[in-house]
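Chain B is fixed; fit chain C onto it per the hints.
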Amino acid sequence: MQYEIQLTILVLASFLAAQALIPRTIANHATRTLISVGLGVLAISATLSLLLAGEVIATELLQSWWANSRPQTNSSHSTPPLSLLMVSLISVIGCAVVQFSIRYLAGDANQGNFFRWMNSALGFAMLTVLANNLVWLLGAWAATSLAMHRLLLFYPNRPAAQVGAWGKFIASRIGDVSLIAAAIIAYLSLGTTSLDALNRLQFAEYAQPYSLEAIAILIAIAALAKSAQFPLHAWLPETMETPTPVSALMHAGVINAGGYVAIRLAPFLTQSPSATSLFVIFGSISAFVGALSMMTQPAVKRSLAYSTVSQIGFMFFQIGLGHSGAALIHIIGHSIYKAASFLYSGSVVDCLRLPIRPKAPAAFSKVAGSSLAASVLAVLIIGVPAYFLGNLSPTRMNDFALLGIMIAATAFAIRRSLLAGNPTSTLIFAALLSIGASAYFSLFFLFEQLLNGQGGIEITLENWGFLTAMLLGTALILTLFVIELAIEFSIENRLLSRLYVASLNGFYWDTYLMAWTRKICRQVKAENPERPLRGHFARES
Amino acid sequence: MSTLLPIPPITESTETCNSEKGKILLRDVLKADLLEVRNRLPSLWPLADFVAVNPFFGLTENSFLSAKQKLSKWTDVDTLMPLDYFREKIHRKEVSLADIDSALDSLRHINPEVTISLQEILDELDLVSLDSNRQAVRIHSQILAKISAVDWEATFLHEVTKYCGSFFDEGQATWKITKHNKDLYSYWRQLACLDKRLDLIGLRGFRELVDSLPTDPIDTIQLLLNRMELPQEIWGDYLTSLAFANFGWSTFCRRYDAERAAESGDTLTSLIAIRLAFDFATYEALTSHERRSLIESYQEGSDAEASWSASTSLQARFVLQNALEMRHRSQLLSNMALVQDSSPRSKESPRVQMVFCIDVRSEIYRRHLEGVSSEVETFGFAGFFGTPIKFSPSGFDHSISLCPVLLTPSIESSDTNSNHSTKCSHHDSKSRRKRMSWTNWNRFRSSAGSSFSFVELFGVSSITKLAKGAFSWSTEKTNGLTHLARQGAEESDIAITTSGLSETAKVDLAENTLRNLGLTEGFGELVVFCGHESSVTNNPYRAGYDCGACGGHTGAVNSKFIVSLLNDCTIRNQLNSRGISIPEKTWFVAAVHNTTTDEIRFFGINRVPTSHTALMSDLSDWTKSASECVRSERVSRFGMQNDREVIRRSKSWSETRPEWGLAGNRFFIAAPRAKTKDLNLRGQAFLHNYDHHSDCNGKILELILTAPVVVASWINLQYYASVVDNSKFGSGNKTLHNVVGGVAVLEGNSGDIRFGLPWQAVHDGEKLQHDPFRLTVVIEAPRSRIESIVARHQHVRDLFEKGWISLVATDKQSAWQFVCIGQWQELSHEATDAKTSTSNTSWKSSSVMS
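So the protein lines, in turn, are chains B and C. Residue 1 is where the first sequence starts when you use the working numbering, and the numbers rise one by one after that. Residue 542 is where the second sequence starts when you use the working numbering, and the numbers rise one by one after that.
Simulated from the structure, these hints should not be mistaken for lab results. Note that the Cβ used here is the ideal one computed from N, Cα and C, for glycine as well. Fair warning: there could be bad hints in the mix.
What the hints assert, rightly or not - For the chain B half of the interface with chain C, some residues (derived, Cβ under 10 Å), not all of them: (1) F314; (2) D350; (3) I428; (4) M514.
Chain B extracted, bound-state conformation (with noise of 0.2 Å):
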């Protein structure tokens, strides 16, 4: 049965992937038929998906979960429940971007050939979540970024998309290229281009894993590069001049895509000290560098863009410190979360005026006391579901690293919440952070099983790269409270002036990207003569 379903999903991706070979003549006659299909196939796919994966964590991990032990990688199943856990991620998804695409485009002519491409791209991750080799997800991979590239340019007359889908085309190359040449090192020199294989394969075996290492290094890097994350970053804001929705899948599905691959081939990438060294120092480099330029951002989505870049960072950071488990909830939470702030950006202007501070400025003791009380209470919420529900422990470096960060979340906003002075409101917020944090560290639990992670480097001083590189990233990203900090008591002095400029200009890297871009889209548009105008933007031009 099982294998029935595992089938079925297949199909159902690869129907909505063979879309893309449509017609757009014919795709703008039948949109009605094409938004059908879509949400048809995303719904069951979602269903099946979902049940499945369910029932492969019900049977196996809980039992022996019960049993105390951890599970044995079962080769029964072809399809891992991460894949499947992924596809339903994808459907879900899917269904509320298309739905909202239905009004949203509403009498634009180009409609049908808008959900031609959005169910191909969609249909295409899903086979590249599915992929069990990496010939397989390359393709699928490739094929995704194609699909997207069309979005992109849903409006092609607009000068400033060519900049945006230029440059990610650009990023996914790169990334493109370093793919091929893993699976080029790893059927030449191992044999096989399996994932499984690849996680099976202990480094300890090999007296010079020189060839495990390069494939690593190389993985690491497509996943970096076609996940926007620094210095590769630079296209996502820039990403705007296409429907709303676009973006919506953009940031949450496709740009996951990287992440995906690293926590799939968790077990094999993190015996590698150099890839996951790579992931350390570039996604916290990427979650400091958006985080920054995320808060300065005036519009709304430019600044949805940069948290992408930084949330996606951080959740490579979490990989490299050996935590799959924690960064597949936060693909998860950053998907859902980030697809509904996409969508519902046009409701931006009826949550502000807000009364942003208390009238009067808190007295020093008050903030000192408020601090201190604060820090206690999120050590006590995030500290004891860690232990007892994570089985975290603070003496582990990485886990210390990873708690670090949530408990002075944590603890500012509770200190806020002090500060504000209205206890039942602290009380509710406490509470409802227990509750999250309870709930997280019981997935993550049950994830880090379910992924079988090795736990990730041993912090030795061996391995002293790592380590620097591991130290380096997480007092990175500790940076962002102390500038938080700064902040709030609206300290202004010429370094931070120079650092909101910067983060304003989100670090300068989209000047180079503009010139980048210039250089190929010229030749590009000689080839690409500008298709005719069609339905009501016509007048525009």
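Here is chain C on its own, set in the frame of chain B:
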């Protein structure tokens, strides 16, 4: 060519101006120029208070035709529809050759600018239009953009949006450099000298340039203009071109200055100084030959201006535009003439009177409500009902103005739970704390460090938001000011309280409203004041659908307030002594008309006296059936299956066309309702009650002509311009909208903030939902009275005389069109002509909409 030569910073020694006195003189000239720039610009209101604005606001002293020429000095913009539009209208037989001929005939008599012949118009129509889209050179960055690989125009727009966006931000960004005691210019100057972006793109030395600029924006403008050696006579036009280069922000600054000039200095001048600094930087990169070309282009322009005559293409389109408008005007007048004889107002006063806003959407509702019950009489009056309220929901630092933007609110009010009015301050601080905890939650979500943990702990809970959206469950759950104002107004037990309003002032308000409404006698048993509001979901242009007369907000607060005055015994007694006797059996009720779902909600039903409850329940039945009729009329306009979809559109999270707003507006009729009763005006007319017999001194007419007519002209021209040139005067494609600073929208990544209406607000994907016709104001009053009022108000006079909107006076037999003071053109012949040729049914069938 992407890297330019380093820009030398400015040193005092290179100052060209020699004498101190000359400097001061020049400064005065410059100030006058800057004032002129300001006066040429319209205003743009922030999204939360979005109201329609006449984009040609500063140009109304020019004739409609020559405004195009004026505008083209500063920017590329069109003021008339393309010939294709008129070709299609002719093809569809919506306008005939005879119409064009007669339009041409009458235009030739009154407008010396029209010199075209009928044959030339026909030739134009036959030609394939080859509009030479020559991009004129107006500022230096445009010259540089042409010869360089970098699109400097776009780059500078990005810079302007970056700094203006963060300066005017109302709370979107979490991190802001506080702008305490700083104006826009010094804010920019402080940050731009740290900003490497332009250096990296190729303007090397820009930071040093910024650093060397004076601290005062006017000094900067003067210095840079001198350095660029621009002749003084082109300063005004050059600076206007700079302002038009970022039209959205310039218009936003203009409004911002008008509201709070004292607090934050002169933001428009700051913006011009900033834009000038960019232009100066590109000027430095040009060769002396290239620099010359700018000055030449302006001088060329001013030579052409002296001997200007409208091109044939422009004239042809102008005549065709007039022909279309005249055709529809004469149809309206002939239909009104038909009604006039038939139904005199019945002596007996009706049992229920309902006062609606003049909004064109009210027309549809009033028509159907009158059709449902003959016992209801309806009135049209500006939807704030004469009460300019400044409303502060409890617990907020901000307040909103519930009145037309032409007025300053004089009544301070708040929402308080009437049962706990003594605990007012307690209530206030409690709701403040509640809001504060929301702010904290938002900070947890959007701060740099904690956003990661937020996503991990609570990210998945957003699935409920997605489900809510996809299944259109209730989505109204925000804590913003505008939303709370709405909520406070909706709950019926929340009363509107005012502070510091004397008894006499209250009586004055009540008296003025009733007198201006023309309701001083013959009160029914129930008199309903019905404001209006919209209910849309996830739409930044929400305020645009709300009541424009209430400053883009709900009209519920105003209607509740006026009703509370009129139900007050002491006020009624005082009114009695002033000659308005409201019978004891009359009870006033507040209501609000939801224009998206076309439902009517009454407030304070439990306070209605028991003697009136039967009538009240009848009334609510009537409004229910009227609502159904209105919705079914809407179904045909939308091309929908059934009227459930009307409700669905209001709740849908992805709806770009929840309703049609004021699209289709083209008439303003100030006359007794009897003159328009039983006419299907199809939501195209603003209806204002006016009976010239009870207005001997013309005070009420003066008010109508200077306030509601002006507001209607703003709305009409906003719609007109958004259709005619959506790229400049409209806000483009709604699916790309990107809210910036909570105050405006960008289209896409960056660029300028957008002015006007989105294309989706005027076009349904297949055809225009708003045909761009200029407003025709029809007033039933003696011509001499109208003329004397128009003569007194220059702005109104310009609107009518220069052809921005047109004015028709009607009496029992004839209709006259106003040409200029002392000249009227009789339309009665035309009207009767139309009467014989088109019957009442053809008014419906010769539909322009369908």
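Hint-by-hint comparison with the structure:
1. Checking B:F314 against chain C: minimum C-beta separation of about 5 Å stays under 10 Å; hint holds.
2. With 10 Å as the threshold, the beta carbon of B:D350 comes within range of chain C, its nearest partner Cβ sitting at about 4 Å, so the hint holds.
3. Hint status for B:I428 relative to chain C: holds, with the closest Cβ pair at about 8 Å, below 10 Å.
4. Hint status for B:M514: holds, given a least beta-carbon distance of 7 Å to chain C, under 10 Å.
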